[in-house]
Amino acid sequence: MAGVAKPLSALLLCSLLLLCTSTAMIHGKKMRLASSRQPCKRLVFYFHDIIYNGKNAKNATAAIVGAPAWANRTILAAQGHFGDLVLFDDPVTLDNNLHSTPVGRAQGLYFYDGKDVFTAWLGFSFVFNSTEHRGSINFAGADPLLNKTRDISVIGGTGDFFMARGIATLMTDAFEDDVYFRLRVDIKLYECWEKA
Amino acid sequence: MAGVAKPLSALLLCSLLLLCTSTAMIHGKKMRLASSRQPCKRLVFYFHDIIYNGKNAKNATAAIVGAPAWANRTILAAQGHFGDLVLFDDPVTLDNNLHSTPVGRAQGLYFYDGKDVFTAWLGFSFVFNSTEHRGSINFAGADPLLNKTRDISVIGGTGDFFMARGIATLMTDAFEDDVYFRLRVDIKLYECWEKA
Amino acid sequence: MAGVAKPLSALLLCSLLLLCTSTAMIHGKKMRLASSRQPCKRLVFYFHDIIYNGKNAKNATAAIVGAPAWANRTILAAQGHFGDLVLFDDPVTLDNNLHSTPVGRAQGLYFYDGKDVFTAWLGFSFVFNSTEHRGSINFAGADPLLNKTRDISVIGGTGDFFMARGIATLMTDAFEDDVYFRLRVDIKLYECWEKA
Chain Z
1452 MAGVAKPLSA
1462 LLLCSLLLLC
1472 TSTAMIHGKK
1482 MRLASSRQPC
1492 KRLVFYFHDI
1502 IYNGKNAKNA
1512 TAAIVGAPAW
1522 ANRTILAAQG
1532 HFGDLVLFDD
1542 PVTLDNNLHS
1552 TPVGRAQGLY
1562 FYDGKDVFTA
1572 WLGFSFVFNS
1582 TEHRGSINFA
1592 GADPLLNKTR
1602 DISVIGGTGD
1612 FFMARGIATL
1622 MTDAFEDDVY
1632 FRLRVDIKLY
1642 ECWEKA
Chain H
1452 MAGVAKPLSA
1462 LLLCSLLLLC
1472 TSTAMIHGKK
1482 MRLASSRQPC
1492 KRLVFYFHDI
1502 IYNGKNAKNA
1512 TAAIVGAPAW
1522 ANRTILAAQG
1532 HFGDLVLFDD
1542 PVTLDNNLHS
1552 TPVGRAQGLY
1562 FYDGKDVFTA
1572 WLGFSFVFNS
1582 TEHRGSINFA
1592 GADPLLNKTR
1602 DISVIGGTGD
1612 FFMARGIATL
1622 MTDAFEDDVY
1632 FRLRVDIKLY
1642 ECWEKA
Chain A
1452 MAGVAKPLSA
1462 LLLCSLLLLC
1472 TSTAMIHGKK
1482 MRLASSRQPC
1492 KRLVFYFHDI
1502 IYNGKNAKNA
1512 TAAIVGAPAW
1522 ANRTILAAQG
1532 HFGDLVLFDD
1542 PVTLDNNLHS
1552 TPVGRAQGLY
1562 FYDGKDVFTA
1572 WLGFSFVFNS
1582 TEHRGSINFA
1592 GADPLLNKTR
1602 DISVIGGTGD
1612 FFMARGIATL
1622 MTDAFEDDVY
1632 FRLRVDIKLY
1642 ECWEKA
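Residue numbers (my numbering), protein chains in the order written: chain Z, 1452 to 1647; chain H, 1452 to 1647; chain A, 1452 to 1647.
Since the hints were made in silico from the structure, they are not lab data. Possibly wrong hints are sitting among the right ones.
Each pair may be met inside one copy or between any two copies, as identical chains are not told apart.
In silico EDC-like links for lysine to aspartate or glutamate, alpha-carbon gap of 20 Å or less [claimed, not checked]:
1. LYS1506 / ASP1567
2. LYS1509 / GLU1627
3. LYS1509 / ASP1567
4. LYS1639 / ASP1611
5. LYS1599 / ASP1637
6. LYS1566 / ASP1500
7. LYS1599 / ASP1611
Required output: the full structure, derived from the provided sequences and hints.
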């Protein structure tokens, strides 16, 4: 009898374990382990990029600072802007209105790295310092601009977003000429830590 | 008797726990916790970088877009190319043949940042859009070129590589003059999430 | 009696589980799950950046390689240096003395991306190759320079810092003109893996 009972109770233990582990995790690092991939936090923002073009110094929030030998730093290069590297400090808003009160800043770089296709690469942070959010979220990844939505990685965070990881889905919400564009960023965090 | 039995059964529980936890994790986030450090996924690719040198516009896959005041953007700078910043959109292949059908693109930047030694730094993505792989893997790290193998970090992933983390071991597989080089990338993921 | 005993023992199991899980984790991936947010590893370093200014080629450890159309690559731009992109290979020391024996190198890039405020963004690695530390730590994040301390993300590591994640708190320890500055970096890792 004891020989049968032991494997059974081990099995029972394992089953209980499966149920309890998720709970245990939630008390420390709130990491959703669900195969359903439910985010532990979700946030949607817009950011607004106005590239310096020689005439808009006052309004510009971004500037070309690197370009290939055949291009210049005032006009985006031909052929998918290949080789243009842009630094930016853009307002972040809750809706798609450029003139809404910013809730943070998007700061970092992007560059056009597609020779045959129109594609970019981004490394940047959202920096928050308001009553609602304090801290930063860091992003990196490829941005194949012609796709309606593009996923990049949330590689870390600080403050309210301490140790965050996840996926940010980008969508070009608007663009005008080669000067203004607006990105919608749907941030889904899958690793969240509880408040200290 | 009961006083002796309790610590023993707690010990037994803990032992069972150790065995079961790994299994429990696998049902959600497939995170290998082994001290043996077995990757949960391993992939080997090659990518091929052809730097624009003023004469190879058609074949070039990369271009110098930043250089220090004493250098230019057509020829790599002297002294370990210190200060040259290169953007690239390189074909990724399964073997070391430049002319093999690409399975993806390597897109990002590298720059030579060693003044006394020959070293670089990389931030880039592998972008896949084939029947075999869909999604991206994001990398960042220092690349001390003179070492036979160099480890950088896999900082995130999307699609098939959702939330991936790990190590990529780089090896210079070939280089010709200052124009072509081929890197072998051995990707070992230690954090993998199951399919949704 | 058995009907009462079962829920009780399940509760007991769960409680034990909560106690044991942390231990279990430590045997594999040493991930501190405490809501107290105790780092599993903590390291403090200094690094020393000497920007090339046209006159200090011998001592310089960093150079401007990207700048906006209105600026040059020898003198940092006006208005918070907006648009200047700098590559560096700086000595890392244990104390705040520039002339102490370096224990590693800080290699990467930073750029000034604030148009209205003085702020920067960093992507870099600490590279160690000594008896004490071997491997690298990779960092990324926004650096609002006017704050006394700023948090960025530890996005990965290799070697002794295999798969590390955490927070690095930066502090400007000194700066002289627009040529020399020294950063104190307080690295707190919250995800550590045990040695292989």
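These are the hints, each one checked on the structure:
1. Taking identical chains as interchangeable, the C-alpha atoms of LYS1506 and ASP1567 lie at most 20 Å apart only when they sit on different chains, with a minimum of 18 Å there against 29 Å within one chain.
2. Taking the closest pair of Cα atoms, LYS1509 and GLU1627 come within 20 Å of each other only inside a single copy of the chain (18 Å); across copies the shortest separation is 30 Å, beyond that limit.
3. For the identical chains of this complex, LYS1509 and ASP1567 are inter-copy neighbours only, at 11 Å across copies versus 33 Å inside a copy, given an alpha-carbon limit of 20 Å.
4. Taking identical chains as interchangeable, the C-alpha atoms of LYS1639 and ASP1611 lie at most 20 Å apart whether they share a chain (15 Å) or sit on different chains (16 Å).
5. In this homomeric assembly, LYS1599 and ASP1637 come within 20 Å of each other (Cα to Cα) only inside a single copy, at 13 Å, whereas the closest approach across copies is 31 Å.
6. Only between protomers do LYS1566 and ASP1500 lie at most 20 Å apart by alpha-carbon distance; the minimum there is 13 Å, versus 22 Å within a single protomer.
7. For the identical chains of this complex, LYS1599 and ASP1611 are inter-copy neighbours only, at 19 Å across copies versus 30 Å inside a copy, given an alpha-carbon limit of 20 Å.
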